[in-house]
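Q: Next come the chains, spelled out residue by residue.
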Amino acid sequence: MAEWIDLLDPTEEELRGALPREIHDRALEQLLTPARHDDEPRPRLEGHDHYVFGIFLVPICVREEDRVFYQEVDLIATRERLVTVRKTPELGHPFDPSPVRDSAEAAKATRAGYLVYLLVDLIAEYFLDLIDALNDEIDELEDGIERWTAGQIRARISELRHDLLHVRRTVAPTRDAVHQVVDRRIDVGAGPELLPREIELDFADVYDKLLRAMDGLDLSRDLLSSARDYHQAKIANDQNEVTKRLTVIASVLLVPTFIVGLYGQNFRRITELAWGFGYWWSWGWILLTTALQLGFYRWLGWIGGDPLGRPKLPPLRKLDPRSIRGRRRASST
Amino acid sequence: MAEWIDLLDPTEEELRGALPREIHDRALEQLLTPARHDDEPRPRLEGHDHYVFGIFLVPICVREEDRVFYQEVDLIATRERLVTVRKTPELGHPFDPSPVRDSAEAAKATRAGYLVYLLVDLIAEYFLDLIDALNDEIDELEDGIERWTAGQIRARISELRHDLLHVRRTVAPTRDAVHQVVDRRIDVGAGPELLPREIELDFADVYDKLLRAMDGLDLSRDLLSSARDYHQAKIANDQNEVTKRLTVIASVLLVPTFIVGLYGQNFRRITELAWGFGYWWSWGWILLTTALQLGFYRWLGWIGGDPLGRPKLPPLRKLDPRSIRGRRRASST
Amino acid sequence: MAEWIDLLDPTEEELRGALPREIHDRALEQLLTPARHDDEPRPRLEGHDHYVFGIFLVPICVREEDRVFYQEVDLIATRERLVTVRKTPELGHPFDPSPVRDSAEAAKATRAGYLVYLLVDLIAEYFLDLIDALNDEIDELEDGIERWTAGQIRARISELRHDLLHVRRTVAPTRDAVHQVVDRRIDVGAGPELLPREIELDFADVYDKLLRAMDGLDLSRDLLSSARDYHQAKIANDQNEVTKRLTVIASVLLVPTFIVGLYGQNFRRITELAWGFGYWWSWGWILLTTALQLGFYRWLGWIGGDPLGRPKLPPLRKLDPRSIRGRRRASST
Amino acid sequence: MAEWIDLLDPTEEELRGALPREIHDRALEQLLTPARHDDEPRPRLEGHDHYVFGIFLVPICVREEDRVFYQEVDLIATRERLVTVRKTPELGHPFDPSPVRDSAEAAKATRAGYLVYLLVDLIAEYFLDLIDALNDEIDELEDGIERWTAGQIRARISELRHDLLHVRRTVAPTRDAVHQVVDRRIDVGAGPELLPREIELDFADVYDKLLRAMDGLDLSRDLLSSARDYHQAKIANDQNEVTKRLTVIASVLLVPTFIVGLYGQNFRRITELAWGFGYWWSWGWILLTTALQLGFYRWLGWIGGDPLGRPKLPPLRKLDPRSIRGRRRASST
Amino acid sequence: MAEWIDLLDPTEEELRGALPREIHDRALEQLLTPARHDDEPRPRLEGHDHYVFGIFLVPICVREEDRVFYQEVDLIATRERLVTVRKTPELGHPFDPSPVRDSAEAAKATRAGYLVYLLVDLIAEYFLDLIDALNDEIDELEDGIERWTAGQIRARISELRHDLLHVRRTVAPTRDAVHQVVDRRIDVGAGPELLPREIELDFADVYDKLLRAMDGLDLSRDLLSSARDYHQAKIANDQNEVTKRLTVIASVLLVPTFIVGLYGQNFRRITELAWGFGYWWSWGWILLTTALQLGFYRWLGWIGGDPLGRPKLPPLRKLDPRSIRGRRRASST
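Chains as they are written, first to last, in our numbering: chain A, 21 to 353; chain B, 21 to 353; chain C, 21 to 353; chain D, 21 to 353; chain E, 21 to 353.
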């Protein structure tokens, strides 16, 4: 029957009252240090003789202000007691542990080790939610890449990349800490186990979630790179298109300018000038050359969309076992 | 003589009826969770005291909708019984295990371990088919890169890259799971082996297939990067070509415009204006300068294809042992 | 009760007077070698039979001169005595160890091992301060990337990258050296420990700081790459914008030039020339075509900002556990 | 005295006649499977109780058709007998083992293990020849990069990159297989060794060749990247040069056009028009402004080669120990 | 008292006379093989029963010819004798071991192990000198990147990158070989040690030098990448600048051309044409529009340097512990 004491920004006396006596000075100091922006500790779990000491961080991305802050949750677990210490970040609100309490009551579980599991699981769940939300936004970016302006896409890629980097920085050490529990390298040193075999199985489940979070982050990073490459290729191609337009405009406007210049010459004898329909003769050449040029550039595909008669792209195959099974063998016999 | 029970989206009662009694709660929970998009578990194999528990995923790429979903197949194997649990994905159809049944009947094999092997082998075969189909499409992309439009190529590269990333995400943990069997790290804890030596040799074969799948994925990724680089280099070069065309057009059209402007001046005494053949004199200069310019730009290679007299590319050597054997030594003596 | 002897660029006699007799020749030689630019030793810690020998480097970036130099601090620690040897760099001032002395006095700590800890901790703190300062400057760069000129940004990215590379070169081996203490692989060979368990816990704290420093460096490098990519995308896009401007200008100026050329022709009969309001007719066409063109290019978004009616970018979600918790599950049911 | 049986695309009966009885079914199946394009097995070596089983692949690049196929050579070695099974690729000719026979006769060596060594050594030698031939072609590419057209270079880089990727795919697992022999992890399980100590030394030599092959491949890949970067930088710079030419042409042709337009105005009183030498006055301005412009652009270096008075590049130092020895120390004292 | 025999391109008899009898055939063969370009062995050290066998390579970059060759130095060390075999490269001069002889005489050291150390130390020193010389040239490149032409910079980057790649190829296996000595994994198999503890300390020093060489190579590679990125960003930006110039020229020259065309029209009644000061009226408009345009483009920063009123770049902080110490804490409180 373990007791759970949850402290928010505790003073030294509060802490000393709640913690077991054997607590190490350095851990105490860490628990007392107020949260400082850009000076967050590294997530970790440590087994000591009489207690397990843990530090966890949860990243919060405040998108409007393009800012990330970290909520710190520390824990000291003995067999009889779990003390969690939450710190209010300089620029935001502290972590909310109420779902853990709800789950513990629902499961009627009271062992300290199980409470630790519930807390770490909540954090892992949050990471999965976070990466899922990021992936949705990357999907949105990919959908918008043909419609949004270059400046918008550039800024969005940069924001998502920042968020991924800040999240990755936190997930990796959290995963390493949980891995130590799964490997049975962390427990209290003396007496019956704080984290017995069945709770370690629970931790294996958390570890699996954190592995999925890392896989998901890797996938997100690669999808974002893919979106960036797509965007860069589009800009490079747009440049070609704009230059083609410029060429068409220069060519289409300079030829009539030459023609009217031709009949602006002051030679004594230019036959066409004397014709009654001379003016329309000039217009005729202007319209004819312009039509021919426009037709030519349309045929090249420099204006009005893709070149005429462009090859059709073969459709992509559906990659379903039912349709491709045995294909490999079939195609080589 | 093992019994094979195949369940599709089972209810809790169905499951409890089919599974051995010693099953762990967490595994049961995993088997009951319906498949959720973007929340797939990680492929894995676990040895427990009385059973082996496995989760496998098969990616399906629905190309028309640029979408990937995963079919989940879970298994619980004891010495007497193999229970497979298939889940219907939210956005598609479940995995079809009938080839395993056919193979098992053909081989008259009934041991549970062998059935597990057949199932994992089917999945590995699917991965090889999948990567083979992807490679064929990358080949097609490379062939089309000179003919298709930039937008088509850009989109195709992006689609293939997405598919590769989603497949890779599944192959790597599957390979790790099978590696544990080859290393004899997975089996039931008590009694005779579920996966004896000869079945482990079969698993070594599956492991080899998954290694080839990973090698193939790496090759695909590099070939795709190569295609992307080729495409980028082509766009950069096309930009040069378009700007050269623009320069030629500006140059070829501005010189005649200057000439006709010259004879449009109103000076009192311009000798040429008084000549009877003055108009043809003007045309003569126009045609001469244009011909000279076109000849010059053709010689530069800015229009009409490559520069004249460009160096021939030396042919690539045939890299066949019969032709290059001993070449290395010969060339240095 | 350990004695601390601090030597600055000592002579051989001074050194021999201060050091324990058992010191190895090679260590002595290292302590006597004057600091040479571009020939700094590698940071390390070595346990010998009677003493612990350490070399540490602190990078100083002199930004005005785009130059980095390293301050070398060596130490020889026995149970009775700590000898630190500081070297004056060729191009700067030596390391200042006074904060260690202050901390030691404040903590009333006199054991040699604790003094070693204080020294290494001071260096680790400096690395954290350094990376923090670098991160602030990267933030500044990101804020300025839309306002500063391309040359300024290019130079700033290059300077920050140099600094990161030079700092990384020093942090990595320092971290490895401290890791050996944490792993209990370094101590004097004989007699009671120089670095007992409680000091090793202190070193674990230093190691954690150095790990955070490495994480911070990785983050800085990725943020800098992100800033570089952003800048490159901006330049590529600016190129498009400039070419669009050029196209607009060519198009808007060449049409009126054609019109005035049209009425500069010398045909015998051009109806408009005889009209009394002919000149204003010409002006009318000039103004009309110019207005139409400007309107068209404005609609395209080639001048005057983004295209009209461009799609709004969906806002980024706030990534806070309170708002996204359960989102993953909810979105798939 | 070992017997060597070499089989080309054997039938099942031929195989069963030649192989030892204890052969595993899976190996037999592998030996019987005909070579299929894009479904090659992975190179490997396996030690079994009574025999060693090996699979090797040799890549052949058919450059004219931009195609790669693999020759498969399998081997079963017992102490008394070496059976090699060669397969005819779908698209080419099988491997030619005659050099092994020649070497074996020359060395009068008849032990099965030594024959295995000779075969693997032949394959390793082929890899070295192959990489050497690739490196020669990369050298050729680098020499031609200033002379060939962009399309030629782009295609050549892509072809060489494909060849490197296909070779790498085969060398890496071959190296791993041979490493197992050097580490004494592969041999027949029972009785005297098939691969005794002195043959393992021979294998160490083969392993060294394969390591050199991998080093060579890495070097080739980096040299090819370097060539690609060089080419990209050249294209980017050529773009600048072309745009500079365009600017010069526009500027040089538009100023005379303005001048002749100036004197084409119909004002009542333009003094110059009345001058007898007015026409030459106009030509004078045209020639003067053109000469000034050409001089200005030549000075800028936009036409006619590099800017005048460009700084000389300092020569690269010769990096020879005789010339740079002690330089480091000298430069800092 | 060990004897040192130094042989240059020895014949088989010379070698057999100098070497211990127990030498392995393969080593003898290696020592007799003449040095062949592009077929250098891999640097290594091997311990055998009665001797230690080593192969070392020293890269020489002949910059004028853009060529690298390798000097090979092999050694056979027993307790009584050190035999070094130097080979003359096909394209250069052999390695000069005289500094080793001088050092040995200076140190009055005659043990074979110490001679081996001196030789390896000389090679390590050469690598450090080499990397130092390369770094100086990269510094020079960075200084010149704003002054030299693009072609010069491109070629210089390519040359330096080649040199780095060729040096890296040799340093890495040399470091691995020396690491084996430090780890006490290499020595003669029987009798007293060839490389006793105190010589191993010397080798630790050589290992440290080789580690610094690798660190230095990594730094060089990153600095070279940084220079390449800087150069690419500059070219991309220059392209923008050139296109801006073109736009300014087109705009500034086309407006006057329009104005003079306007007054070249032949309408019956154009008021301005009849004015006595009409010609100056036209000039007035030409000068006014040109001045306004030049002013506008100057304000934009498209000509004449950076935009007016551009923001000042904040200066970089000096990263010195004295100035930033405590900054981190201060900034967050």
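No wet-lab data here; the hints were simulated from the structure. Treat the hints loosely; a few may be bogus.
Identical copies carry no separate label here, and so any pair may be met within one copy or between two of them.
Below, in silico cross-link-like pairs of lysine to aspartate or glutamate (EDC-like), each with a Cα-Cα straight-line distance of 16 Å or less [said to hold, decoys possible]:
(1) Lys332 with Glu166
(2) Lys229 with Glu60
(3) Lys254 with Asp196
(4) Lys128 with Glu179
(5) Lys229 with Asp69
Q: Would you mind marking each hint as holding or not holding in the structure?
A: Tested hints:
no., hint, in the structure
1, Lys332 with Glu166, "between (21 Å within a copy, 13 Å between copies)"
2, Lys229 with Glu60, "between (23 Å within a copy, 10 Å between copies)"
3, Lys254 with Asp196, "neither (40 Å within a copy, 38 Å between copies)"
4, Lys128 with Glu179, "neither (42 Å within a copy, 49 Å between copies)"
5, Lys229 with Asp69, "neither (29 Å within a copy, 23 Å between copies)"
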